[in-house]
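J.: Heads up: the sequence lines are chains X and D, in that order. The numbers in our numbering rise by one with no breaks, and the one at position 51 of the first sequence is 32. With positions in the second sequence counted from 1, the corresponding number in our numbering is that position plus 2.
Don't read these hints as lab results, they were simulated from the structure. Wrong hints could be hidden among the right ones.
[Unchecked claim] Calculated cross-link-like contacts (lysine-lysine; reagent style BS3-like; alpha-carbon spacing at most 25 Å):
#1 X:140 / D:164
#2 D:525 / X:82
#3 D:115 / X:120
#4 D:634 / D:79
#5 D:673 / D:634
#6 D:764 / X:82
#7 D:318 / D:306
#8 D:476 / X:120
#9 D:115 / D:183
#10 X:81 / D:673
#11 D:598 / D:525
#12 D:196 / D:214
#13 D:115 / D:168
#14 D:673 / D:692
#15 D:55 / D:196
#16 X:81 / D:115
#17 X:81 / D:476
#18 X:123 / X:140
#19 D:525 / D:554
#20 D:476 / D:764
#21 D:476 / X:123
#22 D:183 / D:214
#23 D:118 / D:164
[To be verified] For the chain X half of the interface with chain D, some residues (derived, Cβ under 10 Å), not all of them:
#24 17
#25 20
#26 99
#27 170
Don't be surprised by glycine CBs; every beta carbon is placed ideally from N, CA and C.
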Amino acid sequence: MTGSQPGTPARHRVDGTGRPDSGVPAAEAIDLRKIYGSGQTQVAALDGVSATFPAGEYTAIMGPSGSGKSTFMHCLAGLDAPSSGDVIVGGERLAGMSDKKLTALRRDKVGFVFQQFNLLPTLTAEENITLPLAIAGRKPDKAWFDQVVAAVNLADRLKHRPTELSGGQQQRVACARALITRPAVIFADEPTGNLDSRSSAEVLGFLRKSVTELGQTIVMVTHEPSAAAYADRVLFLADGRIVDEMRSPTADSVLDRMKTLEHGQDTMYQPVGA
Amino acid sequence: MFRTTVKSLMARKLRLTMSALAVVLGVAFVVGAFVLTDTLGRTFTDLFNTVNKNIAVDVRGAEITQGSSNSDGGGRKDVPASAVTAVRQVAGVAEVQGNVVNAQSNQVSVLGKDGKALSTNGAPIIAGNWIESDRLNEQRVVSGLAPRGPTEVVLDGRLAEKAGVKVGDTTTVFLPTGQQKVTVVGLVQYTNGKDTLGGESYVYFTTEAAQKLLRVNGFSDLYVAAADGVSQDELRTRISAALAGSGGLEAITGQQLADEQASDIQEGLGFLNTFLLVFASVALFVGAFIIFNTFSILVAQRTKELALMRALGASKSQVTRSVLLEAVVVGGIASAIGLGAGVGVAIGLQALFGAFGAGLPSATPVLELRTVIAAFLVGILVTAAAALLPARRAAKVPPVAAMRDAATADRSLFRQTIAGLVLTVAGAVAMTFGLTGSGLAILGVGTVLAFLGVALLSPLVSRPVTGTLGLLFKRGLPGRLGRENSMRNPRRTASTAAALMIGLALVAAVGVLGSSLKDSVRKVAADAIGADYIVSPTAVGMGPDAYGAVQKAPGVGLVTGLRGGQATIDGSDEFPTSLTAGALGNTIDLSMKSGKTSDLAAGTTLISDDVAKDKDLSVGSSVPVVWEDGSKGSLRVAGVYASNQLIGKYLVDDSAATHFRQQLYFAALVKAAPGQDVGALRQSLDQAMKPFPNIQVQDQSEFVGEAAKQIDQLVQFFQLLLALSIGIAILGIVNTLALSVLERTRELGLLRAVGMGRRQVKRMVRVESVLVSVFGGVLGLVVGVIFGVALQRALIDQGVTELSFPVTQLALYLLLAGLAGMLAAWLPARRAAKLNVLQAVATD
């Protein structure tokens, strides 16, 4: 799928992944607010963000530094608790969840791909991929494992340790790990931030493929327009608010939009596709 | 550079606390040792100064045996009563009082409240004559009267309380001449209002009774007070002149007497001090490992920072100095805290000695300037020395590392392994020399070298050992990850484990030695004791009345009474045992190398083969002897027996016992009469010993059991002192784990992010900790068992003939090592589990 042209993502879904394209969203944010500090020094990282992430859709979140995009994703993923508002992931409300339940949610319903330090150095690639299952004490489904491994093209690297893999390979292992539990949603935080362009293309292509072919839901934070172009839609954040949404993004259209955002000239909601 | 050092210290204060704590504990122990001995020294000096306040001159008999400087009679001839008159006539003498006192402190006891003789292991019970003088006796009768009749005594209030008696009550006193029923007619106290000066107790008779009961012909010594204006030296010269030609009597000034007494005590305390300092050194040695480890990890974690400093133009020596300065500051602070804690340690040590039956007087702790200097010197030097290598490593960080990811490649273990091998071999050689007579210092140096060597070699085995042990935790991911983590950095795992290794090795070595000792005693007893029962005193000795009662008990066949005394044989101080020749082959079995046991008679001796070898003696040789009572003669060697710990080096005929000051039996070996039921004999003996509360009847296994109990106690005492170093090692594990947890923040965050629960995280850290500890435990046991075997081999000639391993005990140590790991993991695990997932995974 690495050959897929950015900007012309396939809308077609393969069925049979156990996740039919129903109308139920994979994740939903309801009026999220995240306030840091208090009194005079109070800063709102999220200032009433609501968004829906339909199952089987690839969403990119963009915005200038300090726009709150990372905080938004952390709240969505149950890594951070919002000051108010709620998040629903895989049908479960996160507000008021105990650490134990949040942990279980992250383990079973959420997948993660981080920018750096994504793998455990003491484990092999295979062990890293099946890590969430091992934590839960479950055995991997062999067929699914093979399918995931084939998709990330790592079959001959399974016994290697992270230090023996390239950055792109490491990130593909991380992607496979995120997929292995068939989570409701995968959160990717700048997954190509540390990669060269070729490796970036591989990883992004794989993520795209997992949406298109495996029906996975992905939410990705990025600051690279070329990465955002792999998504089905892009949400633009600025000053803790969603200021725009773009469907079928291309690198150029995203770049243009970002330019206006970063110059702070336009913080009003303005659907571009309209 | 100084300011950056201070800043970096402040930033790392938590991480440094643990390693500082290791120094604190080590220094505290050093300080404790000094404070304890100084305090005791001060107490005893005060004691003698009080007691001797008005004694201008002390007159005493000539020394009998060599090397004894005991000023109160032991090893000296008695002073004849006639000397009192002679001294009294010397011009300038204001008063003369004859002093009678028991020669050795363990020769007197009093019946306790519980119906048993009070133990003589702790502070002594002193028996003597009540001196009716306000000038030469600093004690006063504070209630009741002074003793008048032959069975009247005065006691100090504390002793009366322990004995459960009041003025007017009767009790039993156990003396070198047997037990004596007495009436308590009064209580005494020092003029300063204290019952005791250093924990000692007093029982005073009339002079006549004391002379008879303590077997003193005349007096032990004479106290002389000077008339006004006559100096001690002046008076001493005059008295010496007056006593010239009167049988070797000597006069010393009161000051000399006090100095002699004090130096005797100092000698004893010096030994105690050295003994305690050995344990303190162990603690510091272990502490040094932890400092080394902490600084190594800190330097590794600061690679980038150090490289940045280098890139900004800091020289290598500046970097080294900054790390060393950090160590010196940590060492200094730790020493200051250790100094304060040391006073507490001194009090704790005193309680420990008390718990093991060696009560020491309690007094206000004495903190000498020397102690303060030692504390800072030791604390700072140890810390700086331990940080030296990490500091030099810090200097080697290339400036370019600032730009790189701080992935330090695994350095080759080659050089370290060579160094380890060299040190281990050097240590083993030094230990061998030390054990074969080159002295304790060499042994100590060898032990340190061997430990360092093994510590350097241990990274080689840390991976396979922790990996194999870790298979126990293979089930479940947390266990598996914990195992992987313990195998991750062999150097770190090894040096963390090494600290625990040292403590456990010493504990195990002591355990092996103790167990071998017990087996040897068992073997010796089984080989040497032919008697059915051993009747022996629990305190003081067995008097002729008790001995007679044993002989007369129904069913008794042969009884062998054993007595011992001191004598100078062939120029050296020895402790010969006397018995009747008929005992040999009956109640006592000796394996003779030459000569016949039946040849033992008056004027002959049987000697052990050690002595025969050392002094080049054989059957027919003659050796000169000076007995305790001053008489001289010679002994002809009638036979040589295989060395036997129970019997000692010299056996003499019972007739020689008249020369012993101590006339009591230290044991009576009883064989049943032919045809007598041995079980019934026990009852008969028990019945016969009823009137003697300080006598017990034991069969062979009980006898061995008691000896074993004493060995066990000693072993426990040593191990308790070594527990300190194990405690320090646990701190080291805590420290390494905490630093590792910090280092792996991102990794832990990732695990938590992908769904690892807090309990699983804790388990992971715990497994790592337990593996590191058990690795240290395994190393310690292996090294300790080797040390133990070496010790046993070296002590074969001293009677440790058997080698035995306390398997259960050793297994228990390993288990304890595991528990130590659990304990050490507690805080780091909590910290790891509490980690903020978001901060851990958030991109920089």
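J.: Give a verdict on every hint.
T.: Hint by hint, here is what the structure shows:
1. X:140 / D:164: Violated, because 76 Å separates the two Cα atoms, which is more than 25 Å.
2. D:525 / X:82: Not OK: residue 525 of chain D and residue 82 of chain X at ~66 Å, beyond 25 Å, violated.
3. D:115 / X:120: Answer violated: residue 115 of chain D to residue 120 of chain X is near 72 Å, above 25 Å.
4. D:634 / D:79: 13 Å, holds
5. D:673 / D:634: 35 Å, violated
6. D:764 / X:82: Distance ~17 Å between residue 764 of chain D and residue 82 of chain X Cα, so the pair holds.
7. D:318 / D:306: Cα-Cα ~15 Å, so holds.
8. D:476 / X:120: Holds: residue 476 of chain D and residue 120 of chain X sit about 15 Å apart, inside 25 Å.
9. D:115 / D:183: Since the Cα atoms of residue 115 of chain D and residue 183 of chain D sit roughly 15 Å apart, the hinted pair holds (cutoff 25 Å).
10. X:81 / D:673: With Cα atoms ~76 Å apart, residue 81 of chain X and residue 673 of chain D exceed 25 Å; violated.
11. D:598 / D:525: 23 Å, holds
12. D:196 / D:214: 29 Å, violated
13. D:115 / D:168: 12 Å, holds
14. D:673 / D:692: 19 Å, holds
15. D:55 / D:196: 16 Å, holds
16. X:81 / D:115: With a Cα-Cα distance of about 63 Å, the restraint between residue 81 of chain X and residue 115 of chain D is violated, given a limit of 25 Å.
17. X:81 / D:476: With Cα atoms ~24 Å apart, residue 81 of chain X and residue 476 of chain D stay inside 25 Å; holds.
18. X:123 / X:140: Cα-Cα ~16 Å, so holds.
19. D:525 / D:554: Not OK: residue 525 of chain D and residue 554 of chain D at ~31 Å, beyond 25 Å, violated.
20. D:476 / D:764: 16 Å, holds
21. D:476 / X:123: Holds. Residue 476 of chain D to residue 123 of chain X sits at ~21 Å (cutoff 25 Å).
22. D:183 / D:214: The given pair, whose Cα atoms are some 14 Å apart, holds under the 25 Å limit.
23. D:118 / D:164: Holds, because 11 Å separates the two Cα atoms, which is no more than 25 Å.
24. 17: 12 Å, violated
25. 20: With a closest approach of 23 Å, the residue 20 of chain X hint is violated.
26. 99: Check passed: Cβ of residue 99 of chain X comes within 7 Å of chain D, closer than 10 Å.
27. 170: Since the shortest Cβ distance to chain D is 7 Å, the answer is holds.
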